[in-house]
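Chains as they are written, first to last, in our numbering: chain A, 1 to 346; chain B, 1 to 510; chain C, 1 to 300.
Do not take every clue at face value.
To be verified - Distance condition first, Cα-Cα at most 27 angstroms in a straight line; then the derived BS3-like pairs of lysine-lysine:
(1) A:K271 with C:K287
(2) A:K338 with C:K115
(3) B:K348 with B:K129
(4) A:K338 with A:K271
(5) B:K307 with C:K61
(6) B:K316 with B:K180
(7) C:K69 with B:K282
Hint data in this document are derived by calculation from the structure and do not stem from the laboratory.
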Amino acid sequence: MVQFVGIAFYYMGFIGGWMGVHTKARLLQPRGITIERRGTSTWRRELSAHAWLYVFVVPGIIYMLIFVFLPLLGLVMAFQRFSPYSGSGPFGAFIHSEFVGFDIFRGLFNGPDFWRVLRNTLAINISALIFYFPAPIILALLLHEIQNQAFKRTTQTIVYIPHFISWVIVGSITFQMFNAQDGILMMLIKQVFPNMPNVLSTPGAFIPMLLGQSMWKETGFGTIIYLAALASVDPQLYEAATVDGANRWQKMWNITLPGIVGTIVIMLILKLGQMLNTGYEQIFLMQNSLNRSVSDVFDTYIYTMSIINGNYSLGTAMGLFKSVVGMLLVIGSNSLSKRFGSSGLY
Amino acid sequence: MKKFMTAMVFTLALMLVAGSLFAAGTREAAPAVQVGRPTITAMVMSFYGTDLENEHSQTVVQQFEDYTNTHVKFQWENNDVYAEKIGLTLLDVTSMPMLIVNSGNLTANVVDAAKKGAFWDLAPFLEDKAAYPNLSQYNRGVAAGFTVDGKMIGIYRGRELGRNGMSYRQDWADKVGLTKAPETVEEFYDMIYKFTYNDPDGNGKRDTYGIELTKYVGPWDIMQTWFGVGNGWVEQGGKLVPVHQTAEFMTALRWFRKIYAEGLVRPDWPSVDTGTYGNAIKNGQAGVLVDVMDSGRRIWDYFDTNKIPSVTDSTKLASMNLLGPINNKTLATAGHNGYMMISKAGAKTEQDVKNVLHFLDRMNDNTMLVLADRGLEGIQWNLDAEGYLAPITPSPYTVQNSPQVGLNQIVAYIPNTASTDPTTKLTVREIAQNEAYYKMRPLAITNPAAGLLPNSTVQAEVGTQLAQILDDARTQYICGVIDDAGLQAAFKTWADRGGTRLVAEINALR
Amino acid sequence: MPKFKHALVKRSPMDMFAQVIIYILVGSFALITLLPFVYIFAGSFATDRELIERPFFLFPKTISFNAYKYIFDNGDIFRGLRNSLIVTVVGTTINMFFSTTLAYPLSRPYFKGKKFIFAMVLVSLLFTAGMVPNYLLVANILRLRNTYWSLWLPGAINMFNMLIIMNYFRSLPQEMEESAYMDGANDLQIFTRIMLPLSAPALASVSLFYAVSHWNSYFGAMMYISDRRWEVVQIMLRRIIFLTQSISSETGIDWGLLGEPPEKSIRLATTVFAVIPILLVYPFIQKYFTQGVMVGSIKG
Numbered sequence: 001m002v003q004f005v006g007i008a009f010y011y012m013g014f015i016g017g018w019m020g021v022h023t024k025a026r027l028l029q030p031r032g033i034t035i036e037r038r039g040t041s042t043w044r045r046e047l048s049a050h051a052w053l054y055v056f057v058v059p060g061i062i063y064m065l066i067f068v069f070l071p072l073l074g075l076v077m078a079f080q081r082f083s084p085y086s087g088s089g090p091f092g093a094f095i096h097s098e099f100v101g102f103d104i105f106r107g108l109f110n111g112p113d114f115w116r117v118l119r120n121t122l123a124i125n126i127s128a129l130i131f132y133f134p135a136p137i138i139l140a141l142l143l144h145e146i147q148n149q150a151f152k153r154t155t156q157t158i159v160y161i162p163h164f165i166s167w168v169i170v171g172s173i174t175f176q177m178f179n180a181q182d183g184i185l186m187m188l189i190k191q192v193f194p195n196m197p198n199v200l201s202t203p204g205a206f207i208p209m210l211l212g213q214s215m216w217k218e219t220g221f222g223t224i225i226y227l228a229a230l231a232s233v234d235p236q237l238y239e240a241a242t243v244d245g246a247n248r249w250q251k252m253w254n255i256t257l258p259g260i261v262g263t264i265v266i267m268l269i270l271k272l273g274q275m276l277n278t279g280y281e282q283i284f285l286m287q288n289s290l291n292r293s294v295s296d297v298f299d300t301y302i303y304t305m306s307i308i309n310g311n312y313s314l315g316t317a318m319g320l321f322k323s324v325v326g327m328l329l330v331i332g333s334n335s336l337s338k339r340f341g342s343s344g345l346y
Numbered sequence: 001m002k003k004f005m006t007a008m009v010f011t012l013a014l015m016l017v018a019g020s021l022f023a024a025g026t027r028e029a030a031p032a033v034q035v036g037r038p039t040i041t042a043m044v045m046s047f048y049g050t051d052l053e054n055e056h057s058q059t060v061v062q063q064f065e066d067y068t069n070t071h072v073k074f075q076w077e078n079n080d081v082y083a084e085k086i087g088l089t090l091l092d093v094t095s096m097p098m099l100i101v102n103s104g105n106l107t108a109n110v111v112d113a114a115k116k117g118a119f120w121d122l123a124p125f126l127e128d129k130a131a132y133p134n135l136s137q138y139n140r141g142v143a144a145g146f147t148v149d150g151k152m153i154g155i156y157r158g159r160e161l162g163r164n165g166m167s168y169r170q171d172w173a174d175k176v177g178l179t180k181a182p183e184t185v186e187e188f189y190d191m192i193y194k195f196t197y198n199d200p201d202g203n204g205k206r207d208t209y210g211i212e213l214t215k216y217v218g219p220w221d222i223m224q225t226w227f228g229v230g231n232g233w234v235e236q237g238g239k240l241v242p243v244h245q246t247a248e249f250m251t252a253l254r255w256f257r258k259i260y261a262e263g264l265v266r267p268d269w270p271s272v273d274t275g276t277y278g279n280a281i282k283n284g285q286a287g288v289l290v291d292v293m294d295s296g297r298r299i300w301d302y303f304d305t306n307k308i309p310s311v312t313d314s315t316k317l318a319s320m321n322l323l324g325p326i327n328n329k330t331l332a333t334a335g336h337n338g339y340m341m342i343s344k345a346g347a348k349t350e351q352d353v354k355n356v357l358h359f360l361d362r363m364n365d366n367t368m369l370v371l372a373d374r375g376l377e378g379i380q381w382n383l384d385a386e387g388y389l390a391p392i393t394p395s396p397y398t399v400q401n402s403p404q405v406g407l408n409q410i411v412a413y414i415p416n417t418a419s420t421d422p423t424t425k426l427t428v429r430e431i432a433q434n435e436a437y438y439k440m441r442p443l444a445i446t447n448p449a450a451g452l453l454p455n456s457t458v459q460a461e462v463g464t465q466l467a468q469i470l471d472d473a474r475t476q477y478i479c480g481v482i483d484d485a486g487l488q489a490a491f492k493t494w495a496d497r498g499g500t501r502l503v504a505e506i507n508a509l510r
Numbered sequence: 001m002p003k004f005k006h007a008l009v010k011r012s013p014m015d016m017f018a019q020v021i022i023y024i025l026v027g028s029f030a031l032i033t034l035l036p037f038v039y040i041f042a043g044s045f046a047t048d049r050e051l052i053e054r055p056f057f058l059f060p061k062t063i064s065f066n067a068y069k070y071i072f073d074n075g076d077i078f079r080g081l082r083n084s085l086i087v088t089v090v091g092t093t094i095n096m097f098f099s100t101t102l103a104y105p106l107s108r109p110y111f112k113g114k115k116f117i118f119a120m121v122l123v124s125l126l127f128t129a130g131m132v133p134n135y136l137l138v139a140n141i142l143r144l145r146n147t148y149w150s151l152w153l154p155g156a157i158n159m160f161n162m163l164i165i166m167n168y169f170r171s172l173p174q175e176m177e178e179s180a181y182m183d184g185a186n187d188l189q190i191f192t193r194i195m196l197p198l199s200a201p202a203l204a205s206v207s208l209f210y211a212v213s214h215w216n217s218y219f220g221a222m223m224y225i226s227d228r229r230w231e232v233v234q235i236m237l238r239r240i241i242f243l244t245q246s247i248s249s250e251t252g253i254d255w256g257l258l259g260e261p262p263e264k265s266i267r268l269a270t271t272v273f274a275v276i277p278i279l280l281v282y283p284f285i286q287k288y289f290t291q292g293v294m295v296g297s298i299k300g
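All chains, please: the whole structure from these sequences, using the hints.
Okay, here's the thing in structure tokens:
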């Protein structure tokens with residue numbers, strides 16, 4: 001009973017805020033199409049005129065209340081020594097678990113794990129930025145140069161496919177192709193580079209392998225947005241350049257690249273906003289004893305701590321940290337991208 | 001657009017139809033639940049996804065329900081995510097299965113739940129020898145490993161103590177001129193050296209090596225004992241110390257590093273899929289297996305079934321010598337193969353607990369052991385003229401689709417690890433395997449701290465990570481990734497992360 | 001896009017050479033993409049012995065249908081496919097219902113309370129409570145374990161997708177709406193009869209985004225679904241392929257009477273089956289995906 005009252009208060013706070021915002025918002029809203037008659041109480045009119053719209057948002061709002069905001073309450077466990085057995089039932093556990101303020105966070109930042117995980121996550125993402133990010137751009141540029149439409153369409157179809165394959169399949173195929181015992185690719189590589197260390201077990205090879213997988217899977221699909229940008233470059237520029245005697249590379253440098261540089265910058269900035277995120281499944285599937293020092297990232301660490309070790313507070317604390325920093329990064333990168341002419345995410 | 005839609009709809013319809021048709025399989029209808037029987041719920045591991053759903057499975061279910069007079073609702077969870085499922089199940093405090101099966105030792109989240117009273121203390125119940133003739137014979141020493149705060153919160157699943165040892169390809173040994181089985185580490189070294197460099201398969205190529213290995217690090221633990229290293233912890237000077245702090249450990253590790261550098265073991269072992277363990281021996285790349293003896297026996301079975309010829313005499317078949325100990329030492333298994341807990345959220349009354357225990361006890365009777373391990377009479381086995389249990393071959397079923405697959409999860413194997421009557425007539429290979437077991441039982445080295453670890457808060461907090469640090473360090477040292485200094489650094493990390501506290505606490509708990 | 005009039009311009013040999021290189025590069029990339037598929041197809045028709053002995057082949061020396069026979073006998077993969085289909089189709093419908101109903105009012109400039117709802121959407125975009133609170137909600141409070149609702153409800157609206165739809169609604173010309181109002185239509189009718197049909201391209205693309213996400217999703221099903229009858233294909237796949245990698249370093253799996261893990265060829269054949277539906281449906285839907293990405297990214 002107590003818990004439900006608590007939640008009711010939580011939502012009442014929201015509603016109060018909403019009323020405040022709404023009043024100001026109403027004054028700022030542009031008038032809608034139907035508001036021809038002036039001087040009458042617009043709010044009621046509004047409601048009846050566009051009753052359906054208000055009905056429409058109800059499912060969405062209920063969804064957000066239950067599945068987004070209610071769990072956010074659960075973040076309080078990052079400030080508790082949470083144990084599901086402290087009270088009876090799920091709400092009880094929150095109420096009765098000992099509240100310790102920032103202790104958990106202190107432990108988190110002082111412990112060695114946090115910095116290692118942070119370092120790994122950043123290492124992976126920065127490497128991805130340098131090596132994996134250009135791949136779709138280059139492929140798009142190459143595809144753009146292809147004249148034979150049939151060839152182009154076929155290759156496009158082929159390279160889009162891996163995007164739709166799940167990581168479970170990709171992980172399993174990677175293993176089967178790269179293991180030193182009978183992996184075909186490993187054997188081929190060894191012919192050329194006899195001293196090549198074993199890809200699946202060497203820490204140094206973990207990031208390249210991860211990037212290789214991502215490139216196989218996502219490069220093709222990633223070209224779509226760049227191809228779209230390329231398509232919007234005015235063809236007359238090309239024709240003029242041809243007349244002026246420009247060769248292919250000059251055209252690319254002077255016309256094509258500037259045409260898509262806007263898109264590239266925006267994608268880059270948006271990627272920056274994702275600096276702390278990694279593909280959880282991909283990494284989890286390729287982790288093992290030897291590469292753990294580089295393969296433990298935020299998502300896998302949170303998962304292991306929370307579910308397997310049962311240290312719910314620590315896992316949630318790290319998750320909260322990641323969310324907050326992630327949010328700041330997204331907001332920052334979104335404003336940046338707006339400065340470059342995009343309408344941003346929101 | 002229209003064409004696309006029709007194509008879509010057609011494809012989807014096709015898939016749906018195929019799905020429904022083929023998914024039906026050969027499963028029979030479930031038998032009606034008998035009125036008046038107590039019902040218990042159990043959470044168990046599923047390895048193949050076909051547990052108790054194959055042809056004749058319903059007969060199996062019927063038989064065991066009649067015998068134990070209990071209806072069991074199984075909750076099968078995939079083995080590959082079982083650790084997660086246990087964690088998630090423990091999160092839901094108001095609704096849990098009555099019986100929860102788990103493998104390995106107690107983990108941190110289980111201990112935490114146990115300390116908060118999530119499970120029943122089974123010791124008082126099992127005092128009743130009349131009600132539980134089988135279970136009450138449990139080995140107190142092994143059970144100590146499942147005692148938290150003085151309460152026995154789980155009953156272990158029994159397993160042979162002396163299962164770990166080494167086995168090797170006899171025909172290879174003959175080929176490279178080894179006349180007797182190795183007994184010391186030096187002789188063992190000689191063997192794997194010859195297996196690597198003296199062309200045991202006689203094809204003129206240097207394409208073999210000594211020891212088969214995968215990322216499962218158990219073999220290293222076994223080989224360590226040959227150097228006098230203990231099992232996890234060892235008694236030194238009146239105190240318990242972890243084995244990595246002993247001098248013998250460094251000797252063993254240096255030796256491991258040497259054989260790795262010399263190419264005597266599989267070079268990429270830390271990344272190899274454990275599912276392929278044994279394959280290298282099966283296809284003639286390696287010659288030695290350090291693991292449980294029945295793995296060696298299974299490889300021998302493979303040679304027999306697939307008629308792999310011996311390298312010395314192609315009219316004969318390859319064979320394995322299931323040797324066992326080196327230096328008269330080997331690693332004891334934990335004596336258990338997991339444990340079963342009874343949750344208070346699931347078994348709400350004492351009567352519920354008694355129902356579960358009654359069921360578990362009955363499952364250890366010979367009739368049930370035969371059913372769970374071997375299957376149905378007349379379909380999977382028959383009694384031969386001498387009264388032995390003879391499996392019907394060729395077997396009508398693979399393990400995946402045998403009717404009783406998965407049922408042995410809830411068998412505690414106390415006091416016997418197999419039915420005593422009837423028994424199977426053992427093949428030559430199985431006899432060799434059992435002899436090895438018998439030989440090793442007294443030689444197997446146990447872990448003196450087994451009973452204390454579950455009660456240690458440090459173990460619960462960082463135990464898994466500490467173990468991981470040591471395993472990773474050992475792996476890296478063996479492969480030459482780190483050197484002595486690096487190893488010591490790892491030990492220091494272990495100590496800082498909680499290792500020192502752990503040692504202190506364990507000794508205080510004695 | 002009009003073709004360049006390259007044919008009219010004389011190409012230098014360097015240029016031709018460069019062109020050839022480009023074709024080769026692109027072609028090689030396509031081949032590399034195909035390689036793993038070839039591997040799993042070929043391997044699924046081979047015997048286990050050959051898989052142990054030969055690392056890679058285009059055609060197995062001995063063709064064996066054992067793996068497929070086992071799959072058809074066993075029927076599991078079909079159950080998995082059927083379940084994935086149900087989850088995907090119903091899930092996508094639910095997704096689209098929630099997403100479009102939320103997106104439409106937000107796209108109307110005269111809708112009151114837009115700012116507030118936008119704030120909520122923003123929070124949903126940026127914040128996630130993490131695994132444990134979400135699990136507690138779905139499993140313990142709502143008691144949705146072992147039902148497909150645990151897969152359909154928690155992610156019912158993906159805010160990115162919702163924003164894509166919203167932007168598309170916004171971009172539709174206002175005249176249609178105005179004339180409809182004149183004719184006395186109310187918002188519901190405008191929505192269903194005018195807006196939705198006009199947005200078909202965007203809606204098709206977004207539905208496909210949702211559908212692929214459902215089809216490939218593994219985590220939700222792993223956490224909430226235990227009953228084998230409701231298993232989806234990714235879970236099944238993972239179970240079979242990673243079955244034997246769950247050995248911890250402290251305890252070995254006691255195969256004992258469990259027997260050996262499934263043969264490699266069976267694992268490969270199962271992978272083939274998991275991949276086939278995507279490959280079958282893919283050619284039809286490729287167009288909508290490329291369209292969707294463009295609609296989503298280039299706005300206004």
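Hint check:
1. A:K271 with C:K287: Given pair K271 (chain A), K287 (chain C) holds - Cα atoms ~26 angstroms apart, limit 27 angstroms.
2. A:K338 with C:K115: Judged against 27 angstroms, a Cα distance of about 19 angstroms means the pair holds.
3. B:K348 with B:K129: holds, 23 angstroms
4. A:K338 with A:K271: holds, 14 angstroms
5. B:K307 with C:K61: holds, 20 angstroms
6. B:K316 with B:K180: holds, 20 angstroms
7. C:K69 with B:K282: It holds: about 25 angstroms lies between the C-alpha atoms, which stays within 27 angstroms.
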